[in-house]
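Student: The chain contents come next:
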Amino acid sequence: MRALTWHGPHDVRVETVPDPKIVNGRDAIIKVSSTAICGSDLHLYDGVIPTMARGDILGHEFMGEVVEVGRKVTRDKLKVGDRVVVPFTIACGSCFFCERDLFAACDNSNPADKADIAEHLYGFPGSGLFGYSHMMGGYAGGQAQYVRVPFADVGPMQVPSDLPDDKVLFLTDVFPTGYMAAENCDIRPGDTIAVWGCGPVGQFAIRSAFMLGAERVIAIDHRAGRLRLAEEGGAVTLDFDQVKVREALADLTAGRGPDGCIDAVGLEAHGLSADNIVDFAKMRTRLGTDRPHVLREAIMACRKGGTVSIPGVYGGLLDKVPIGAAFGKGLTFRMGQTHVHRYLKPLLQKVQEGAIDPSFVISHTLSLEEGPKGYEMFKTRQSEVTKVVLRP
Amino acid sequence: MTAVAARADLPPTALVDHEPDIGETERWVSLALGSALVGYGLYRRGFTGLGVGVIGAGLMARGAAKRDPLTHALRASASERAEARQRGWSSAAIVTRAVTINRPREELYRYWRDFTNLPKFMENLRRIDMIDGQRSRWSVAAPGGGTVEWEAIVTLDQLGRRIGWESDEGGDVRNAGWVDFRDAPGGRGTEVRAEIVYEPPAGRLGRAVAYALQREPTLQIRRDLRRFKSLMETGEVPTSRHPATAPRG
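Chains as they are written, first to last, in the numbering used here: chain A, 10 to 401; chain B, 333 to 581.
Calculated from the structure, these hints are not laboratory results.
Using N, Cα and C, we set each Cβ at its ideal position, and we do this for glycine too.
Errors might be hidden in some of the hints.
What the hints assert, rightly or not - DSS-like, lysine-lysine: derived pairs with alpha carbons at most 25 angstroms apart: (1) K81(A) with K452(B); (2) K253(A) with K176(A); (3) K354(A) with K313(A); (4) K329(A) with K313(A); (5) K30(A) with K452(B).
Unchecked claim - Selected chain B positions facing chain A (Cβ under 8 angstroms, derived; list incomplete): (6) T550; (7) R554; (8) R559; (9) E565; (10) T571.
As the list claims (entries may be wrong) - Selected chain A positions facing chain B (in silico; Cβ < 10 angstroms): (11) N33; (12) D55; (13) S372.
One chain only, chain A, in its complex shape (with noise of 0.2 angstroms):
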């Protein structure tokens, strides 16, 4: 089969690899018939995420037709034929987190010998992901024209056959990931909402902080393309090349404060032990500290009592995080990777409803073949390319 796989900084080809096979019996294989590029696949084509090895197929965001199921998988659950998206967290359904909905925490599909790493480095590792590290699972990704699913009775969802690909894709990460970004701040009604960060996820945020009953959502990014949608979707934007956003984030809660600030930009800073964490932030720096900003920003413009949630991606140590600040006020934090199976079943009902159409971020629409072209404008024209779509 045709895949897009990585070799390096900058450097992701589409090449022929070994169609994928059933491994075990709750496995099933997709054929991929759309799969997106995420912002989070970007740190990867920077080179930033350790524990790549050359030839892993990208990937996390895809949806398709099952092709085959393993021998446990039951016709109730997944059978051969159904269109189904797929989330990007794998989860087995039967472990201590996954029976209370904390599905990114899976204890069982991230491999013995690939969850050693992070259990080194955080302590206890989160789920396997698709196409994301070693460290996450070594799991091939979905920019191909197939895909080993495993625990496929528990993630796979069908979807609707009048709804086209375009509205469903991005169950699988970003639409659930902003969506659990905004839900994290406990919205009431009266309630303004700061986002920091307008790609993909960011946008699902602001739009999902109003379907949860935000008065008011504020939007901060400097490019001209992303704030435009962002105030597409009803947002107060700021750009912050032009404007001091802390001051204009207290007059325009005159004194209070953003009741939730969210924090859809993140940071890389992954290592394995200390003195490739030295490493990392060395090279950190040398890439600006713009990043850290934010958390710093979000963490200082948020009212007492507030909510800081952090769906952008950390990964190692953060310097001079202002926690003198967070404890004063009394702030609440939430973070973590997406329980993307807790929100499937809801957020296709919003689709349906017509409450969201999901494919208002697509900027651009590509064969799987033109994929490390999508990679490259992806990351060097941001202002007008928001969300790549691959057709396998």
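Position chain B relative to chain A; hints supplied.
Tutor: Just chain B now, kept in the frame of chain A:
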């Protein structure tokens, strides 16, 4: 009182080792040599001076704390020495690990008690054959590609609670192990604790080499118990490897 009881219960790896790595003489030699080097570094200055000074400071710290990282890493713990003495081995290594499994205690006990199941989740076990209800023959992958073998006998069998075994005379590596099953609080399933004691071939250094080759029991017990948990909770051993190299089970 609680603290003391908890301490006795914990595995050796969870205890702070206060025992010095070096003796009094070596300590003072280290301190004296260290101060001399620091003095020379300050006198010499420049990059060479800095380098010599840093080495000197390291030696001074070694002497002051009676700690030597290499000795510390290779030295057997007090409980390992006690174990070796008690068993009459040249040395003993203890590896231990606990995991919580979301399945009933009896089910886990039954699965483990049939030793022929162990190779399904223990990566280095080639196969285990039961000779009778108490005796079994183990065939284990060794570092470097070889195979080591022994016969084991069940030394302890408490229904649904605890299983202990020990290698018989004449095996390639002397070893013993036990696994313990307890109800986890609040319906969280079962707390499984396992311990393996073995006489490391080529002593502590051999153990370090085995670790580098990923055949060392500390590493293996962690992965094996994780695989046991997955097998029991999900019915399969998750893997992201290509089918040709995927594990059994």
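Student: Could you run down the list of hints and mark each one as holding or not?
Tutor: Here's how the hints hold up against the structure:
no.: 1; hint: K81(A) with K452(B); in the structure: 18 angstroms, holds
no.: 2; hint: K253(A) with K176(A); in the structure: 36 angstroms, violated
no.: 3; hint: K354(A) with K313(A); in the structure: 34 angstroms, violated
no.: 4; hint: K329(A) with K313(A); in the structure: 20 angstroms, holds
no.: 5; hint: K30(A) with K452(B); in the structure: 20 angstroms, holds
no.: 6; hint: T550; in the structure: 11 angstroms, violated
no.: 7; hint: R554; in the structure: 7 angstroms, holds
no.: 8; hint: R559; in the structure: 5 angstroms, holds
no.: 9; hint: E565; in the structure: 5 angstroms, holds
no.: 10; hint: T571; in the structure: 5 angstroms, holds
no.: 11; hint: N33; in the structure: 4 angstroms, holds
no.: 12; hint: D55; in the structure: 23 angstroms, violated
no.: 13; hint: S372; in the structure: 32 angstroms, violated
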